[in-house]
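Novice: Listed here are the chains, written in short residue letters.
There are 2 protein chains.
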Amino acid sequence: MSRLDSFIRRLEAQRACLGLAAAMIRALPGPVLELGLGNGRTYDHLRELLPEREIFVFEREVNAHPDCVPDAAHLILGDVRATLPQAYGWLPGPVALAHSDVGTGDAARNADLAAWLADALPPLLAPGAWVVSDQPLRSPALVAQPLPAGIDPERYFVYNHRAKSSGDDRPKV
Amino acid sequence: MSRLDSFIRRLEAQRACLGLAAAMIRALPGPVLELGLGNGRTYDHLRELLPEREIFVFEREVNAHPDCVPDAAHLILGDVRATLPQAYGWLPGPVALAHSDVGTGDAARNADLAAWLADALPPLLAPGAWVVSDQPLRSPALVAQPLPAGIDPERYFVYNHRAKSSGDDRPKV
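Protein chains in written order, with the working numbering: chain F, 1 to 173; chain A, 1001 to 1173.
Be aware that a few hints might be false.
Said to hold, decoys possible - Computed spacing ranges between beta-carbons, pair by pair:
id	chain 1	residue 1	chain 2	residue 2	range
1	A	1006	F	5	17 to 25 Å
2	A	1108	F	144	46 to 54 Å
3	A	1061	F	154	27 to 35 Å
4	F	154	A	1093	40 to 48 Å
5	A	1082	F	73	46 to 54 Å
6	F	103	A	1082	18 to 26 Å
Unchecked claim - Facing chain F, a subset of chain A residues (Cβ under 10 Å, in silico):
id	residue
7	1012
8	1018
9	1047
10	1048
11	1065
12	1116
The set of hints was computed from the structure by calculation and includes no laboratory data. Predicted model only: the values in this text are computed from it and were never measured. Note that CB positions come from ideal geometry on N, CA and C, so glycine has one too.
Please take these sequences and the hints and turn them into a complete structure.
Specialist: Structure (structure tokens):
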């Protein structure tokens, strides 16, 4: 399979997983988090899928198409490791859906950030929230979900936040 | 349609058009030109589609995955406006297939480069050669071809080089 084939499959997987999660949270109130704006394509897709939701975007440095940049109230600039833990204090409520696409070409860095996210993200999530991620997130609070039909395993990752919290994922601050 | 949808359609169109052209040149000898290496995805796809062909890649500055960089004999670095006209002198024969993906976010620049390419490319092509392009190429030497099934018009462009040359497209140097 060429890199073009592989890239198309990744984007199709991303779109299918976002579509699944958006459908699954229909009855679950709460804002949406987009971790990594990039060129803004998935942010644009999320706001089309979920026009009624507040979407908060975390990005180190904006490099997106001007049409795909959220307003200042929904754009949190800086290192996600610094900004995400603070979100617990200002988010309007527990998060219904989080999409994380923060991978780079650096596999070690990706694994490191994914391990951090797997701990940092669950405290922000509503019970029953959905998480869509380009990296595997290993956490007892996140239950891996089957991917949509036709999507290869490991192309993208979908999790459901445990409906009943044991309290383990409360913020440690 | 979101930018994610649109981007997936563009890549699918690109892949379908490359597949069509690669099938159509099966009986036509000659090298392949890739104008714009970018991240190397379509170069990787072309060499998978056409493993027996020489592929010459023109790129201003290499920024591709290391696995997708051609050897020095097949990588022509520099401004394509300077390097492409010289190719007439050193190519091993008339070109069977050219793929041009040189567009940027700058529409005026794209139109300008496409107009230049529409004149500069035909002299290098074999009669009956195929051209696949991200930009429309308007030249009496290039006959627009129907796109593969399911591909929206204007997403990508496919041309066939007139089988009989009137001589109009001989290089002017």
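Novice: Does each hint fit the structure? Answer for all of them.
Specialist: Here is how each hint holds up against the structure:
Checking the proposed 17 to 25 Å range against residue 1006 (chain A) and residue 5 (chain F) shows it holds: the Cβ atoms sit about 19 Å from each other. The given range of 46 to 54 Å is respected by residue 1108 (chain A) and residue 144 (chain F), whose C-beta atoms sit roughly 48 Å from each other. Between residue 1061 (chain A) and residue 154 (chain F) the C-beta distance comes to about 33 Å, which sits within the given range of 27 to 35 Å. One distance hint, 40 to 48 Å for the beta-carbon pair residue 154 (chain F) and residue 1093 (chain A), holds here, with the actual separation near 43 Å.
Evaluation of the 46 to 54 Å hint for residue 1082 (chain A) and residue 73 (chain F) yields a pass: the beta carbon distance comes to about 48 Å. Range check, residue 103 (chain F) to residue 1082 (chain A): Cβ separation about 37 Å, and the 18 to 26 Å hint is violated. Evaluation of the residue 1012 (chain A) hint against chain F yields a held restraint, the C-beta minimum of about 6 Å falling below 10 Å. The criterion of a C-beta within 10 Å of any C-beta in chain F is met by residue 1018 (chain A), whose closest approach is roughly 8 Å, and the hint holds.
Using the Cβ-Cβ criterion of 10 Å, the hint placing residue 1047 (chain A) at the interface with chain F is satisfied: the shortest such distance is roughly 8 Å. The interface hint given for residue 1048 (chain A) is met, as the beta carbon of that residue sits about 4 Å from the closest beta carbon of chain F, less than 10 Å. For residue 1065 (chain A), the shortest C-beta to C-beta distance to chain F is roughly 7 Å, which falls under 10 Å, so the interface hint holds. For residue 1116 (chain A), the shortest C-beta to C-beta distance to chain F is roughly 26 Å, which exceeds 10 Å, and the interface hint is violated.
Of the numbered hints listed earlier, those contradicted by the structure are 6 and 12.
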